[in-house]
Amino acid sequence: MTSFQSITLATLTKDIRLEWRSKDALNSMLFFSLLVVVIFSFSFDPVAEESRHIVGGLIWVAFLFAAIVALNQTWARELRNQVLDAYRVSPAPANGLFLAKVLGNFIFVSVLEALMTPLFIVFYNLRALGPAWQLIPLAILGTWALVVNGTFFAAMSLRTRSREIMLPLLLFPISIPALMGMVQATTAILTGENSARFWIVLLLTYDVVFTTACVALFEAILHAE
Amino acid sequence: MKRAFPILAVLTTGFVLYGFYLGLFVAPTERTMGDVQRIFYFHAPSGWTAFCLFFVNLIASVAYLVRRNLKADALAVASAEVGVVFCTVVLVTGPLWARPVWGIWWTWDLRLTSTLVLWLIYVSYLMLRRLTNNAQTPVLAAVLAIFGALDVPLVYFSIWFFRTQHPQPVIGGGGSLDPRMLHVFLINVCAFSCLGALICWARYRVELMHREVEEAHALESLLDVVPKSEGEAKAAHRGSLQ
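Residue numbers (the working numbering), protein chains in the order written: chain A, 1 to 225; chain B, 1 to 242.
Because the hints were derived from the structure by calculation, they are not lab data. All values reported here derive from a predicted model rather than from experimental measurement. Hints may be right or wrong, so weigh each one.
What the hints assert, rightly or not - Facing chain A, according to a computed beta carbon distance under 10 Å, are these residues of chain B, among others:
hint	residue
1	VAL10
2	VAL36
3	PHE40
4	ALA63
5	TYR125
6	ASN133
7	VAL139
8	LEU144
9	SER158
10	ILE159
11	PHE161
What the hints assert, rightly or not - Listed next, the stretches of chain B that the computed footprint assigns to chain A, with coverage defined by at least 3 CB atoms under 8 Å from CB atoms of chain A:
hint	segment
12	107 to 121
13	146 to 152
Where a beta carbon is used, it is the ideal one built from N, C-alpha and C, also for glycine.
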């Protein structure tokens, strides 16, 4: 096993173990998105047939806002006891650390989505009129798009004065094409009116472009002095 | 350098005023839209200038990341700030024109939406610069500028597809422009480019001076130097030590 893999694996298992024992991020994300589901249901008739056109956007907005909770605490944990400074001076590859954090967040947000989707189906009377299997690659690509940039910008906002506010301010504008892809593809699949293929390809492009950019530039962020 | 600036400022002001004069009085009135079309001579050149400045910002950001030259970073700040101002002009003059012509202030059309998203990206860039006040700011900002630039084509394509799926009745693309209108338009593009470059240059110089002052302050507090010529300050300093 190379040092890259062992760093990634060690950090990932550490983060999962911490989350498993505390369940801080997952509980707050779950409760937060549940609140979003309930509050949004007041703004329109949730069981009407037309609400199919809105729910795609609603689901992803709920997941996006909830993901911010997990993303914000990703790096904050490493600041205690100067763990991040230790990483900086160690010869360990920076991208191993980054990849571990992205994978960790990806798992947390995926668990959230898996738990919340049945609730959305029940509360909003959802039934896919298009090819439902496409929702799985869509969820994977969409979650990756949120998480890879989110983890990167969370590392960036560590250096700012009010870091919890800074993360969404940086993440949302850059995520607009990805969000558009997720929302449009979900709506296309739920309504069955048109194909979601273009949006899935767009998301794939977005993921490839920004994963490359993050991996290429993370070292500059970690060592920014 | 110092003398060149006021001369260029006067020349640019004259050029911009000439462009205004041409746009408001000389260019022929458009047949269907009437006088309100004249806003086009200021709207489109501002957009052009904003895009050029954002491009300068990208180049300066990449140059900073490669060379770690603080002058490149100062240029990045200046171009982003001035670019956001010109982009704001575009976003304000657009609805002013759209209201009488289309009957609505805003439509989520391709060009409007992508310009708005571009504006949002660069405002978040400026916010990042504002909220980080230390030596790391240039690196973080340069990285964000590269992310923003990567985002622009994706934004464009996604909105393009979105809008071709749901066609809107508005925006009259194509059409030919009267040669006299084109002439006025091109003069205004040049004038606005000069104005943008001039303001950007001024902002760049202010930024460099600002940094010099900050550096001097930091050095002073570090060395605890007392200015030699000011005897009183020295005495006060001694007094405070006792």
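Each hint tested on the structure:
The restraint placing VAL10 of chain B at the interface with chain A is violated, with a minimum CB-CB distance near 38 Å, outside the 10 Å limit. Proximity of VAL36 of chain B to chain A is violated relative to the hint, the smallest CB-CB distance being about 31 Å (cut-off 10 Å). Interface restraint check: PHE40 of chain B against chain A, minimum CB-CB distance 27 Å, threshold 10 Å, status violated. Proximity of ALA63 of chain B to chain A is violated relative to the hint, the smallest CB-CB distance being about 14 Å (cut-off 10 Å).
Given hint, TYR125 of chain B at the interface with chain A, holds; its Cβ is 9 Å from that chain's nearest Cβ, closer than 10 Å. Given hint, ASN133 of chain B at the interface with chain A, holds; its Cβ is 7 Å from that chain's nearest Cβ, closer than 10 Å. Hint on VAL139 of chain B holds. Least Cβ distance to chain A is approximately 4 Å, under the 10 Å limit. A least Cβ separation of about 7 Å between LEU144 of chain B and chain A falls short of the 10 Å threshold, and the interface hint therefore holds.
Checking SER158 of chain B against chain A: minimum C-beta separation of about 4 Å stays under 10 Å; hint holds. For ILE159 of chain B, the interface hint holds, since its Cβ comes within 10 Å of a Cβ in chain A; the closest pair sits about 7 Å apart. At a threshold of 10 Å, the smallest CB-CB gap from PHE161 of chain B to chain A is about 6 Å, leaving the interface hint in force. Evaluation of the coverage hint for the segment 107 to 121 of chain B: fulfilled, as 3 residues show C-beta separations to chain A shorter than 8 Å, against a requirement of three.
With 5 residues having a beta carbon nearer than 8 Å to a beta carbon of chain A, the segment 146 to 152 of chain B meets the requirement of three or more and the stated coverage holds.
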